[in-house]
Amino acid sequence: MPINLYIFLALALFSIGVIGVLTRRNAIIIFMCIELMLNAVNLLLVAFSKMHLADSMAPGAAPMLTNGIDAQLFVFFIMVVAAAEVTVGLAIIVMMYRNIHSVDVNFLNRLKN
Amino acid sequence: MNITEILFWLLTAVALGGALLVVTSKNPVYSVLALIATFFALSGHYILLNAQFLAVVNLIVYAGAIMVLFLFVIMLMNLNTETEPQKNKWLKLAGTIAGGCFLLVLVAALRDADSKSTMALIGEGDTGLIQNLGKALFNEYVIPFEISSVLFLSAMVGAVVLGKK
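Residue numbers (the numbering used here), protein chains in the order written: chain X, 212 to 324; chain B, 24 to 188.
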């Protein structure tokens, strides 16, 4: 498939995530939109990894069959960090719910005054 | 149009539809279910790109563990359509326009980006198989791998400390 299609798909997913963060007030939904953005980046990294593999398999290029393996390991590490982030983030949201009995981010404005 | 292209467009439609549903649905539980559908579609994309290990990890870690955690928290707090906080109409409109402008600028900037090859390999090349990934992970990337285990430990301690108060 042309790499452009993957770029546009990832951009669309990322933008939907941005729109979600900007338009929603529920802290959990905002958190889910951040996960969506992380996944858009993951998809783009995997697509680019296969693009570099295609580069190395082109006629005339030095054959490097492990080209693009770094990108896939980056995706793996992004998933690891996202899992750790979710545990801490959800713990913070649960604590926020205990304190103000709501997950509305607009109540978290004590720093404003 | 061969079978690969049909699968690509089908998975793309599911991913984008699920993502839109995450943002637009009033009930948080529906948002979680739509996000799970999106993750399944992305796993399908990984399989199409022959990155089987990442597809399976995506299913287990994201669709399995993380989304179940979200679902638990939402059900624990008993969130539903009535308790869902609503932003006012103009703020929503402004957010949507801002996100749309972001998409427009990036698409316009990247439309003509040229690279050496413009195709992503579909269904060939075995970099995504677990044998090759494992070899690279335990040779060149062994230190980040070990550090990530420390990260998990500290995240676990952090979650327990935060939840205990």
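Quick caveat, the hints were computed from the structure, so don't treat them as lab data. Since the structure is predicted, the reported quantities are computational estimates derived from the model, not experimental observations. Please note that the accuracy of each hint is not assured.
[Claimed, not checked] Calculated cross-link-like contacts (lysine to aspartate or glutamate; reagent style EDC-like; alpha-carbon spacing at most 16 Å):
(1) B/Lys110 / X/Asp281
(2) B/Lys49 / X/Asp281
(3) B/Lys158 / B/Glu169
(4) B/Lys49 / B/Glu107
(5) B/Lys158 / X/Asp281
(6) B/Lys49 / B/Asp135
[Said to hold, decoys possible] Covered stretches of chain X, going by a simulated chain B footprint (3 or more residues, C-beta under 8 Å):
(7) 228 to 239
(8) 243 to 249
Where is the CB? At the ideal position from N, CA and C, for every residue including glycine.
Verification of the hints:
1. B/Lys110 / X/Asp281: Given pair lysine 110 of chain B, aspartate 281 of chain X is violated - Cα atoms ~42 Å apart, limit 16 Å.
2. B/Lys49 / X/Asp281: Violated, at about 39 Å.
3. B/Lys158 / B/Glu169: Holds. Lysine 158 of chain B to glutamate 169 of chain B sits at ~15 Å (cutoff 16 Å).
4. B/Lys49 / B/Glu107: At roughly 7 Å apart (the allowed maximum being 16 Å), glutamate 107 of chain B and lysine 49 of chain B satisfy the hint.
5. B/Lys158 / X/Asp281: Given that 16 Å is the threshold and the Cα spacing comes to 12 Å, the pair holds.
6. B/Lys49 / B/Asp135: It is violated: about 38 Å lies between the C-alpha atoms, which goes past 16 Å.
7. 228 to 239: holds (count 10)
8. 243 to 249: Our answer is that it holds, as 4 residues pass the Cβ test (under 8 Å) against chain B, meeting three.
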